[in-house]
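2 protein chains.
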Amino acid sequence: MQPGQSERTKLKRLDYKASESQDDLYAILDDNFVVHVALVADGQPLVIPMAYGRVGNTLYLHGSTGSRLMRMLATNPAVCISLTELTALKISRSTFNSGMHYRSVVIFGNARIIPDEEKAIALDALSDSLVPGRVAESRPMTKKEVAATIIVAVELDETSVKISTNEVDDPEEDMNLGYWAGIIPLESRFGKPIPADEESAKLPIPESIQRITRRS
Amino acid sequence: MQPGQSERTKLKRLDYKASESQDDLYAILDDNFVVHVALVADGQPLVIPMAYGRVGNTLYLHGSTGSRLMRMLATNPAVCISLTELTALKISRSTFNSGMHYRSVVIFGNARIIPDEEKAIALDALSDSLVPGRVAESRPMTKKEVAATIIVAVELDETSVKISTNEVDDPEEDMNLGYWAGIIPLESRFGKPIPADEESAKLPIPESIQRITRRS
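Protein chains in written order, with my numbering: chain A, 1 to 216; chain B, 1 to 216.
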């Protein structure tokens, strides 16, 4: 078994799509913005979308002290976290063989609530992971804001990564019957930044914003 | 309480973002392709991305009879399903007030395994929900393919819908200090369909594929 792998992260099917590369894991996390965090609440499943940042081998999730989810994580730390980036629709000659192409990550772990003394650093790290360089261009966090925030950390130690390649694989017997097959790529990119107000319209677009807009 | 609402779907915070419109729920589901399905497996949370279709007030999920998740749903029918469509990054003057704009759906329900006699109809309905009109242009399903597939249905009876509007709401004291604020819209669209092979390259692009490519 590879590092970062466990019985429950091993792909049971279609394992030709599995990636065991840490670079792939980090790239998928760094290129995206929202994960779906599942936990067990009163014996029932609950899944909530959350913004995140990655710093080294740690995933940070943040929420408000008023957030029900954050309070639940204090007593139910076991989480399963999933991120899926759809890259294309795969249209085969049959609907049976049709599907989707994607890059996806599933993470198993325990959410650890970051203690107060580490919170300000973790918050800035999380913000700079979302929009690199943005912290230095922003109004600094206040103590009150830090106090109003909960950050939880999940180590990236038990993960599963899947990457599809954009190909159609119709069987021989479906060929030359006049059915079309192909890929419809899905393209996601950032549009031009829109200043919020007159003050912002007069200022130059900050470096961090220009960089992230160019990235996509 | 509205129809489709329950104690657990009521938003505890930021409820100005809640939508109680069934049209919004259906539109978000119809415009997207992947949901994250959470269930409790041996007391632990598990969340898996799945393709889906909506037919009326029913969400259909499909998988292989070989799929571990599908087998687990037979004995653990309680699910929580989440879909998040990121529409923009909201860049405030402070990282504290920064965030994301999105449309999201959370669905609570019980997964019901579709019996064999209804499966062929449900499968075609699911396929036509993903790419409207595609079933008529595809090689028909075989009995063997239908047998190899499990479809589960979840009724859209207990749901929560959130829609952000793209605005920045910095407090007065953060204004006129020289910090930029704005919105970075995220645009997702389908690219030009890519035929899979020589046969497909010679055929016209089918209507259903042209339609879905134009839609985005």
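Be a bit skeptical, because a hint or two may be false.
Identical chains blur together in the list; that is why a pair holds if it fits in one copy or across any two.
Claimed, not checked - Below, a list of computed lysine to aspartate or glutamate pairs in the EDC-like style, where the Cα atoms sit at most 20 Å apart:
(1) K143 to E117
(2) K202 to E172
(3) K162 to D24
(4) K17 to E198
(5) K162 to E137
(6) K144 to E173
(7) K144 to D42
(8) K119 to E20
Simulated from the structure, these hints should not be mistaken for lab results.
Comparing the hints with the structure gives:
Taking the shortest Cα distances, K143 and E117 sit within 20 Å of each other inside one copy (11 Å), while across copies they are farther apart (62 Å). Proximity of K202 and E172 under a CA criterion of 20 Å is satisfied inter-copy only: 18 Å between copies versus 61 Å inside one chain copy. In this assembly of identical chains, the alpha carbons of K162 and D24 lie at most 20 Å apart only when taken from the same copy (9 Å versus 31 Å across copies). Within a single copy, K17 and E198 get their C-alpha atoms no closer than 49 Å, and across copies no closer than 25 Å, so neither meets the 20 Å cut-off.
For the identical chains of this complex, K162 and E137 are neighbours neither inside a copy (35 Å) nor across copies (30 Å), given an alpha-carbon limit of 20 Å. With identical chains, the CA atoms of K144 and E173 are at most 20 Å apart between copies only, with a shortest distance of 15 Å across copies and 66 Å within one. Taking CA atoms no more than 20 Å apart as the test, K144 paired with D42 passes in neither setting, with 32 Å inside one copy and 40 Å between copies. Proximity of K119 and E20 under a CA criterion of 20 Å is satisfied in neither setting, with 31 Å inside one chain copy and 36 Å between copies.
This entry does not satisfy hints 4, 5, 7 and 8, going by the numbered hints stated previously.
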